[in-house]
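Chains B and C are the protein sequences, given in the same order. Numbered per my numbering, the first sequence spans residues 1 to 266. Numbered per my numbering, the second sequence spans residues 1 to 412.
Where hints are given, some of them may not hold.
Pairwise CB distance ranges (calculated) [claimed, not checked]:
#1 B:W77 to C:P193: 36 to 44 Å
#2 C:R168 to B:K200: 27 to 35 Å
#3 C:R20 to B:P170: 14 to 22 Å
A few chain C residues that don't get close to chain B, going by computed Cβ distances all over 12 Å [claimed, not checked]:
#4 E149
#5 P187
#6 L247
#7 A265
#8 P298
#9 R302
#10 R397
To be clear, the hints were calculated from the coordinates, so they are not data collected in a lab. Glycine residues also receive a C-beta, built at the ideal position from the N, C-alpha and C atoms.
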Amino acid sequence: MAAAEERRIRLWQGRVETRVEITGDGPPLVFLHGPWGVRGDRDFLERLASGHRIYAPSHPGTTPQDPDAIHQLDEWWDLVVYHGELFDRLGLETPPLIGHSFGGMLACEIAAAMPGRVSKLVLINPLGLWRDDLPVKNWMILPEDQRRATLFADPAGAAAERFFKLPADPAARVEAQAAFIWSLACTGKFVWPIPDKGLKKRIHRIAAPTLIIWGAADQVIAPAYAHEFAGRIAGARVELIDHAGHLPHLEQPHVVARLVRGFLEG
Amino acid sequence: MKVCMFHLMPYRDLAPDFDRRYKSAYIDPVWFDVADPDKVGQYYNWTVDEMVHAARAGMHGLCTNQHHQNVYGFMANPSLMGAALAKLTNGLNVAIIQIGSTLPSTSPPTRIAEEYALIDCLSGGRLVAGFPTGLPTDATISNGVVPVEQRERYREALQLVLKAWQAREVFAWNGKHYQLPMVNLWPRPIQQPHPPIWIPGSGSATTVEFVVDRDDCFCHLSYFGAKNAETLGDYYWETVARRGRDLNPYRLGFLQLIGVAETDAAAEEYAPHVEYFFHKLLYTPQYYQAIPGYQDYPSLVRGLRAPLRERFDLRALKYKDFVERGFLIAGSAATVRDQLVEGVKRLRIGHLLALLHFGSMPHELCLKNIDLFCRDVLPHLEDIWDDQWQDRWWPERLRVKRSVPAAAAAES
Numbered sequence: 001m002a003a004a005e006e007r008r009i010r011l012w013q014g015r016v017e018t019r020v021e022i023t024g025d026g027p028p029l030v031f032l033h034g035p036w037g038v039r040g041d042r043d044f045l046e047r048l049a050s051g052h053r054i055y056a057p058s059h060p061g062t063t064p065q066d067p068d069a070i071h072q073l074d075e076w077w078d079l080v081v082y083h084g085e086l087f088d089r090l091g092l093e094t095p096p097l098i099g100h101s102f103g104g105m106l107a108c109e110i111a112a113a114m115p116g117r118v119s120k121l122v123l124i125n126p127l128g129l130w131r132d133d134l135p136v137k138n139w140m141i142l143p144e145d146q147r148r149a150t151l152f153a154d155p156a157g158a159a160a161e162r163f164f165k166l167p168a169d170p171a172a173r174v175e176a177q178a179a180f181i182w183s184l185a186c187t188g189k190f191v192w193p194i195p196d197k198g199l200k201k202r203i204h205r206i207a208a209p210t211l212i213i214w215g216a217a218d219q220v221i222a223p224a225y226a227h228e229f230a231g232r233i234a235g236a237r238v239e240l241i242d243h244a245g246h247l248p249h250l251e252q253p254h255v256v257a258r259l260v261r262g263f264l265e266g
Numbered sequence: 001m002k003v004c005m006f007h008l009m010p011y012r013d014l015a016p017d018f019d020r021r022y023k024s025a026y027i028d029p030v031w032f033d034v035a036d037p038d039k040v041g042q043y044y045n046w047t048v049d050e051m052v053h054a055a056r057a058g059m060h061g062l063c064t065n066q067h068h069q070n071v072y073g074f075m076a077n078p079s080l081m082g083a084a085l086a087k088l089t090n091g092l093n094v095a096i097i098q099i100g101s102t103l104p105s106t107s108p109p110t111r112i113a114e115e116y117a118l119i120d121c122l123s124g125g126r127l128v129a130g131f132p133t134g135l136p137t138d139a140t141i142s143n144g145v146v147p148v149e150q151r152e153r154y155r156e157a158l159q160l161v162l163k164a165w166q167a168r169e170v171f172a173w174n175g176k177h178y179q180l181p182m183v184n185l186w187p188r189p190i191q192q193p194h195p196p197i198w199i200p201g202s203g204s205a206t207t208v209e210f211v212v213d214r215d216d217c218f219c220h221l222s223y224f225g226a227k228n229a230e231t232l233g234d235y236y237w238e239t240v241a242r243r244g245r246d247l248n249p250y251r252l253g254f255l256q257l258i259g260v261a262e263t264d265a266a267a268e269e270y271a272p273h274v275e276y277f278f279h280k281l282l283y284t285p286q287y288y289q290a291i292p293g294y295q296d297y298p299s300l301v302r303g304l305r306a307p308l309r310e311r312f313d314l315r316a317l318k319y320k321d322f323v324e325r326g327f328l329i330a331g332s333a334a335t336v337r338d339q340l341v342e343g344v345k346r347l348r349i350g351h352l353l354a355l356l357h358f359g360s361m362p363h364e365l366c367l368k369n370i371d372l373f374c375r376d377v378l379p380h381l382e383d384i385w386d387d388q389w390q391d392r393w394w395p396e397r398l399r400v401k402r403s404v405p406a407a408a409a410a411e412s
């Protein structure tokens, strides 16, 4: 396995700098992170790295030193076209996409807008649909004392511990806290105040074989949404993950990685 | 200096167990579980009466504000209150200070330009145009504004309002957040090119810098008192100096809770009301206030490293603490005067925004507070700064020295 590499790419008429973390060997695979940034996902990505070359771009505005980039993209149309440009620049013609939460919604929009650009689609607890009887919990305004229990099936478990752990060094701590909050802000731009931005009108265009993975104990988006997605994407398969909440790839990384590898290689 | 009556128009009769039932004064308390519309009608009437009483007693200005979905203050649209106050105070030398309508949550913001212009016309040019960015809770939760766009929308809206007030020709506005094909505002304000602009802030370095660069008046609405505002005050004046502006105290407004009584001991009559204010009304948790994106990135980092505002566990503090720690300046007129003069001079405050009604304070006590303040405190504050500085952020027509002393006005 090759060492993780970090590439900086300037896109969007030079106005947006994007960090792309690249790791692993094999056919390409794009991972789109959730609302909290890519930091928490790195261990999971390493589990996929033995079979794939993984490209994990940071959402516009979350690349260190370019926070204002978020003001250069304003709507979903911008975001989808921007990712088309990003794939072009990375030389990715028809990569498989994995997206978690916000990244799952983004992956759907890309796959619906450009069906020919996505070979396979893995959605992990994606945002993007809405049921009035099962409203998505607003993850941007969670009380401090409810965050763990809302995001994790086991709030006291090692995954929750790692996810919220901050560096001891004061400067590094501020940097990590700021990155966490700013990532919520930059992804939230496209989904506030209700994460239903018209995907339901476009989702039928998804042509890629699709695997939907959902933590069975998700408190943010009820697992019933797995079937809402599956019912709208032809041939999609659903896998519910026990003992996992909104971040099943962190709580049950082994199980999720095995499912993903099996799906991509199958 | 100028001293202005500020009013939040709160819910005055919350149940004693309100603070045990609710974690937040905002968003969570459901109207039908908490409020009585007849009482609320009474509060609106009392609020207007108290403001007009303050104007007649000699206050220089009356401040209204906009908040939503809460028990702490719900004027909702301050222009409605401001219009009533403008009409009821015609003939008095008193400014109508709208501080004010929140631009990012009103679309298109030309609506605010119209309302303000209407109030300026109605009042005969007595409007101060306040432009808050709006609390994150109000803007992003109650009005659905995207947090990371709140500031950007605000800045564009302010430019649009200023142009709409002044343009001599019909113009098209092709902005990022607002597009209007033909703008030709009716009415326009009496005060041209525009009424004085005050911009409130509660501790964001970005707002401070923005206001200083624009050369407007910055109003620090901290609610924690002058004693607890020294870090922000110092940062403000350092910014003013660094950006080459003069040190005119009138470029700073500051809000202070004040309770005047016959003696220091008698001021304890304000105890239940200040505790009600801080324990029930001002209690809004961080997750509703610090919504990701409401601050830009530099302010976010700065706030994490060294906040300009201290945080307090308000529900752990009692009347004695609020007074000792300066959240509330309460006591005899002499005590209040001394503490105010000290705070005003320390922070260089040109516009003191006096919160003379707070919490559950009954109407009669509020009127008494206004009377004692205007008779025995205000006359000792009015001349501060005027030997050296002119108030450039005050309606032109009100800048003449007032012929009727405040005390005499209070007695009439």
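Status of each hint after checking the structure:
Range check, W77 of chain B to P193 of chain C: Cβ separation about 38 Å, and the 36 to 44 Å hint holds. Separated by about 48 Å at the C-beta atoms, R168 of chain C and K200 of chain B break the suggested range of 27 to 35 Å. Taking 14 to 22 Å as the suggested C-beta distance range, the pair R20 of chain C and P170 of chain B does not conform, at roughly 36 Å. At roughly 7 Å, the least C-beta separation between E149 of chain C and chain B is not larger than 12 Å, which violates its mark as non-interface.
For P187 of chain C, the non-interface assignment is confirmed: its Cβ lies about 33 Å from the closest Cβ of chain B, beyond the 12 Å cut-off. The Cβ of L247 of chain C sits about 32 Å from the closest Cβ of chain B, beyond the 12 Å cut-off, so the non-interface label holds. With a minimum CB-CB distance of about 41 Å to chain B, A265 of chain C clears the 12 Å threshold, and the non-interface call stands. Separation of P298 of chain C from chain B is inadequate, the least Cβ-Cβ distance of about 8 Å not exceeding the 12 Å criterion.
With a least CB separation of 9 Å from chain B, R302 of chain C falls inside the 12 Å interface cut-off, contrary to its annotation. The Cβ of R397 of chain C lies farther than 12 Å from every Cβ of chain B, with a closest approach of about 40 Å, so its non-interface assignment holds.
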